[in-house]
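Asker: Produce the complete structure using the sequences and hints provided.
2 protein chains.
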Amino acid sequence: MSDKNCFEPICEKEDILNLKSKKRSKLQFEEDSSTQECPLKRNIYGNYTWNMLHTTAIYYPDEPTQEQQQKMRNFFDAIAEFYACKHCKAHFQKDILKNPPQVTSRKDLSIWLCQRHNDVNQLLGKQQFDCSFENLEKRWRTGCQ
Amino acid sequence: MSDKNCFEPICEKEDILNLKSKKRSKLQFEEDSSTQECPLKRNIYGNYTWNMLHTTAIYYPDEPTQEQQQKMRNFFDAIAEFYACKHCKAHFQKDILKNPPQVTSRKDLSIWLCQRHNDVNQLLGKQQFDCSFENLEKRWRTGCQ
Numbered sequence: 001m002s003d004k005n006c007f008e009p010i011c012e013k014e015d016i017l018n019l020k021s022k023k024r025s026k027l028q029f030e031e032d033s034s035t036q037e038c039p040l041k042r043n044i045y046g047n048y049t050w051n052m053l054h055t056t057a058i059y060y061p062d063e064p065t066q067e068q069q070q071k072m073r074n075f076f077d078a079i080a081e082f083y084a085c086k087h088c089k090a091h092f093q094k095d096i097l098k099n100p101p102q103v104t105s106r107k108d109l110s111i112w113l114c115q116r117h118n119d120v121n122q123l124l125g126k127q128q129f130d131c132s133f134e135n136l137e138k139r140w141r142t143g144c145q
Numbered sequence: 001m002s003d004k005n006c007f008e009p010i011c012e013k014e015d016i017l018n019l020k021s022k023k024r025s026k027l028q029f030e031e032d033s034s035t036q037e038c039p040l041k042r043n044i045y046g047n048y049t050w051n052m053l054h055t056t057a058i059y060y061p062d063e064p065t066q067e068q069q070q071k072m073r074n075f076f077d078a079i080a081e082f083y084a085c086k087h088c089k090a091h092f093q094k095d096i097l098k099n100p101p102q103v104t105s106r107k108d109l110s111i112w113l114c115q116r117h118n119d120v121n122q123l124l125g126k127q128q129f130d131c132s133f134e135n136l137e138k139r140w141r142t143g144c145q
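Those sequence lines, one after another, are chains H and Y.
Taken in order, the first sequence gives residues 1 to 145; the numbers are from our numbering.
Taken in order, the second sequence gives residues 1 to 145; the numbers are from our numbering.
Each statement offered as a hint is correct.
Which copy? The list can't say, so a pair holds if one copy fits it or any two copies do.
In silico lysine to aspartate or glutamate, EDC-like type, Cα no more than 20 Å apart, as pairs:
#1 Lys71 x Glu81
#2 Lys98 x Asp77
#3 Lys94 x Asp119
#4 Lys94 x Asp77
#5 Lys126 x Glu37
Note that these hints are calculated values from the structure, not bench results.
Answerer: Shown next, in the form of structure tokens:
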């Protein structure tokens with residue numbers, strides 16, 4: 001286990017950056033292919049979840065109904081309750097209590113989510129992401145075409 | 001676009017299997033690293049989402065409260081509403097109408113989710129996965145230690 005606060009298998013951290021590049025490529029390929037057999041480690045689980053969330057947010061309606069807004073609140077409420085990494089979840093619970101999901105539009109939701117990701121980036125000493133909507137649209141929906 | 005039913009960027013399918021292996025490794029690495037800049041294609045979005053869901057399900061409580069059960073129902077209700085790939089979502093909506101989320105325990109939820117994934121595997125001509133709980137625990141939580 002690589003996290004002193006957590007003894008669940010999900011807390012073990014794959015030290016990707018320190019692997020030699022050949023092994024790293026193989027590892028990355030295995031992680032994405034359907035033949036991969038090992039449970040996700042915390043950093044991969046986090047990466048997949050953020051990718052999934054940002055993509056989902058950028059396809060959220062521009063003008064969601066009240067029912068859709070409630071469903072989106074419920075979605076993040078469930079993530080905060082069931083996210084498999086315990087202490088990541090504890091951080092997220094505190095963070096969204098201070099910063100409730102902004103569900104009134106695709107733009108608001110996408111920017112809000114980017115800011116939550118930046119809160120985690122800051123905690124991990126990672127770079128801040130540019131959360132302008134133009135940048136988010138490009139990054140998660142329209143870029144690379 | 002590689003899907004005649006869908007003209008959104010998320011419907012474009014990365015033809016990973018036909019890429020040469022060197023390019024494939026590079027591509028896979030880029031997809032997982034934080035330096036990756038392109039929006040997710042449908043198959044990667046699907047892969048990340050299934051990985052996220054199976055991991056979350058295998059850490060669900062063995063004896064969830066009524067409130068937790070409702071939150072988990074809400075979670076899948078939101079996935080069915082907001083999943084970014086439109087026709088994947090339409091399939092999932094029909095599937096969970098016939099097969100509502102089994103939220104009474106970690107075991108029931110994990111097996112139910114595996115069966116939903118197998119419904120998609122069948123649709124895509126992929127192999128069926130062994131949905132025994134022993135296998136799911138190993139695959140998503142305890143294996144490779």
